[in-house]
Amino acid sequence: MTEPILALRGIDKSFGPVHVLRSVDFSARPGEVTALVGDNGAGKSTLIKCIGGTYTIDAGEYHFEGRPVSVHSPRAASELGIEIVYQDLALCDNLDIVQNMFLGRENHRGVLLDEISMEKAAAGALESLSVRTVKSVRQRVSSLSGGQRQTVAIAKSVLWQSKVVLLDEPTAALGVAQTAQVLDLVRRLADQGIAVVLISHNMLDVLQVADKIAVLYLGQMAATVDRKDVDQQQLVELITTGRTGSIGIGSNHATAGTV
Amino acid sequence: MTSSSPSPTTDVDKPGDHRRAAEPDLAVIAATAPIEGGVGDYFRTYRQRVRSGDMGSLPAVAGLIVLVIVFWSLRPQFGSLANFSDLLKQSSPTIFIAMGLVFVLLLGEIDLAAGTAGGVCATLMARVSVGYGWPWPFAIGAALVAGVAIGFFTGSLCAKVRIPSFVVTLALFLAFQGVILFIVLNGAGAHGNISITDNFITNLYNGQMDPWLGWALAVVAIVSYALIKLQQVRSRSKAGLTAEPIALVAIKVAALAVIAGLAVYLLNLNRGGTGGSQLINQGGKLVLVKPPALQGVPWVVLIMMFFFALWTFVLSRTRYGRHVYATGGNTEAARRAGIRVDLIRISVFMISSFMAAVGGVLLASNTHSVDANTGGGNTLLLAVGAAVIGGTSLFGGRGRPADAIIGGFVVAVIANGMADLVQGNNRDSIQFIVTGAVLLLAAAVDALSRRRSGATGVG
Ligand SMILES: Nc1ncnc2c1ncn2[C@@H]1O[C@H](COP(=O)(O)OP(=O)(O)O)[C@@H](O)[C@H]1O
Ligand SMILES: [Mg+2]
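Line by line, the protein sequences are chains A and B.
Under the working numbering, think of the first position of the first sequence as 44, with each following residue one higher.
Under the working numbering, think of the first position of the second sequence as 4, with each following residue one higher.
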């Protein structure tokens, strides 16, 4: 079993009087898709933003590649190799795919932008994910479909050789066919040895693509289970009540499966 | 519960999501992919872009052609050589101010004080030149530095104090009128109306270059354009990337050569007319002396070309330009990408006020003078109109320096053509109404095309 590249222990996060995360443990391993599920308001996005440095944690340990680190800004996170693909994709409609993938980190020679090297690298990143839906990397993002936008956002993390990629509801706004494409992409991302964390509301998505499933319930980590150890019924129960059978909050094995 | 969380478990199709239902994505993209060889494919791509709402300068160019045809047929003098040269000159102050405004508009901001800021800089130049005898490099330099400083002040209020640019620049629009009045009424030299005596300054607007220089300039422009294009094609093909078809490059270069060549040829003809020849007694003989020929490309054309090349380069070839577009397209995305959005915001106001200063200097050069009204009146509105008519979006993210030039010509053609056409009392009133209507029309085209392309940022 590989060691987790990302390991959080006892994370607390409050917004004023609102205690959003309570002593949360969470980890992600290279080459695995770890799904993070939970009802609306369970604290999934908050946890992701703590990992990504948008929020700083109030208490708890943050380990990256076995070392304790402090991540106080998105910049610090991305320097470690942690990339968030946001729910509201952070893409500029008026720029093309290459320009978006290199935004803020453009290649340049002197004052001149080095368009050629950027275009080749962007095309290479898409190719490494076997993306065939995007033919021209010089297309404006405004002309892309929702699935293609997700594709661009995800490919960006490959381009920048991220080690951990956090995806917040990447399929929430997509139709059936495009959801399948994006899930495919998520899988291939993990196959490249990246630790992928996937937030989703959709049970079917999660069961289809995840290796591990972490269930947040009202700001607490109800359980972290292997995909093969649960079925849909149990998962729904975990999400809605925080426990199912011997797994979950109040049970003896608060974190069943292997962490 | 956060507003950003969509309802659970099902696939939600948000309105305004850019998905085209059920289509295989492949087909769409294949159709918009650029083109290995064919010129025909290129035009197909272009048509597609226009259809999706990204019309660029197309309406303005079409409008310009229609306007020229209409005015010319109604009044043949409109097409005279002298009027052609006048049009170029008359459009120049508007174009300079509009070029700066393009940067501000790219961020979705507005600079309502650009006109009067230009007025402050112009009156300052006149005061130090006339009142204190500063040589022209220092007088003009003072105007430009004042422009940059004004922009820094404006931009800081918007980016740091976070006052909406509309309010900041509306307040400054008013305040600057006071500053202009103060400058023309105080200090050494004439008060009220200051006549500019420096030949260099007055020649900026009114002078023309020697005919050979016009030709040299045209050749330099055409050759550099061709070289840049060819270099692009070569390096892209060498890297194995799709490049613009050579045939298309040839067409573009040829088109530029024809237009530039024709313009220089016409401007180098004597537009002074044949009248005014005089018989003069020279050492006992009567000699027919013609007045000096009025010919040559106006200097303003060189200044326009310079700033056009400069700002086009900055916007399309540098990281700074890329970051301006990104900030205008999606500020949040730009911020997350590590772009210093506040500095970008300050900088565009600095560029705007700097270009306003250039425009102000040209306004002063035109009339050989400044007074309390310099840079006031409809100066700003014409410049905003020029940028928007040219195809720069009021909503941010879309615009080019070329828009300012094309739109500036449209505005100048309307003013020039109407001034000849409508005489008498209602001349100004009709001109205001028509220009206002054209600006509204351009803004409507902008808003509609934006709705069509759905370029609203995401979510
Ligand atoms: N910036 C904030 N300030 C105050 N409360 C917040 C903030 N962000 C999230 N919350 C609260 O934290 C809880 C968890 O939110 P979130 O992490 O977005 O949940 P999820 O993504 O699982 O739906 C919600 O009750 C929400 O209202
Ligand atoms: Mg959420």
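Quick caveat, the hints were computed from the structure, so don't treat them as lab data.
Glycine included, each C-beta is placed from N, C-alpha and C at the ideal position.
It is possible that some hints are incorrect.
[What the hints assert, rightly or not] When the alpha-carbon atoms are kept at most 25 Å apart in a straight line, the in silico DSS-like pairs for lysine-lysine are as follows:
1. A:Lys163 <-> A:Lys206
2. A:Lys178 <-> B:Lys232
3. A:Lys206 <-> A:Lys92
4. A:Lys178 <-> B:Lys241
5. A:Lys163 <-> B:Lys92
6. A:Lys163 <-> B:Lys232
7. A:Lys178 <-> A:Lys163
8. B:Lys232 <-> B:Lys255
9. B:Lys241 <-> B:Lys255
[Said to hold, decoys possible] What follows is a set of in silico ranges between Cβ atoms, one per label pair, in the way DEER data are often shown:
10. A:Thr284 <-> B:Gly341: 37 to 43 Å
11. B:Leu177 <-> A:Val112: 52 to 58 Å
12. B:Phe155 <-> A:Thr284: 40 to 46 Å
13. A:Ala119 <-> B:Ala65: 39 to 45 Å
14. B:Phe155 <-> A:Val279: 57 to 63 Å
15. B:Asp345 <-> A:Glu170: 35 to 41 Å
16. A:Asn150 <-> B:Val42: 48 to 54 Å
17. B:Asp345 <-> A:Ser57: 40 to 46 Å
18. B:Val42 <-> A:Asp269: 56 to 62 Å
The hints, checked one at a time:
1. A threshold of 25 Å between alpha carbons decides the hint, and for Lys163 of chain A with Lys206 of chain A the separation of about 22 Å falls inside it, so the pair holds.
2. The hinted pair formed by Lys178 of chain A and Lys232 of chain B meets the criterion: a straight-line CA distance of about 24 Å does not exceed 25 Å.
3. This hinted pair checks out: Lys206 of chain A and Lys92 of chain A have alpha carbons roughly 16 Å apart, not beyond 25 Å.
4. The suggested pairing of Lys178 of chain A with Lys241 of chain B holds, with an alpha-carbon distance near 20 Å, which does not exceed 25 Å.
5. The hinted pair formed by Lys163 of chain A and Lys92 of chain B fails the criterion: a straight-line CA distance of about 45 Å is larger than 25 Å.
6. With a C-alpha separation of about 20 Å, the suggested pair Lys163 of chain A and Lys232 of chain B falls inside the 25 Å cut-off, and the hint holds.
7. Taking the CA atoms of Lys178 of chain A and Lys163 of chain A, the gap is about 13 Å. The hint holds against a cut of 25 Å.
8. With a C-alpha separation of about 10 Å, the suggested pairing of Lys232 of chain B with Lys255 of chain B holds against the 25 Å cut-off.
9. About 22 Å separates the Cα atoms of Lys241 of chain B and Lys255 of chain B, which keeps this hinted pair within 25 Å; it holds.
10. One distance hint, 37 to 43 Å for the beta-carbon pair Thr284 of chain A and Gly341 of chain B, holds here, with the actual separation near 42 Å.
11. Here the CB-CB span from Leu177 of chain B to Val112 of chain A is close to 53 Å, well matched to the stated 52 to 58 Å.
12. For Phe155 of chain B paired with Thr284 of chain A, a C-beta distance near 59 Å fails the hint of 40 to 46 Å.
13. For the hinted restraint 39 to 45 Å between Ala119 of chain A and Ala65 of chain B, the CB-CB distance of approximately 52 Å leaves it violated.
14. Checking the proposed 57 to 63 Å range against Phe155 of chain B and Val279 of chain A shows it holds: the Cβ atoms sit about 58 Å from each other.
15. As the Cβ distance of Asp345 of chain B to Glu170 of chain A is approximately 37 Å, the hint placing it in 35 to 41 Å holds.
16. Between Asn150 of chain A and Val42 of chain B the beta carbon distance is about 30 Å. The supplied range of 48 to 54 Å is therefore violated.
17. Hint check: Asp345 of chain B to Ser57 of chain A, Cβ distance near 29 Å, so the stated range 40 to 46 Å is violated.
18. The hinted range of 56 to 62 Å is satisfied by Val42 of chain B and Asp269 of chain A, whose Cβ atoms lie roughly 58 Å apart.
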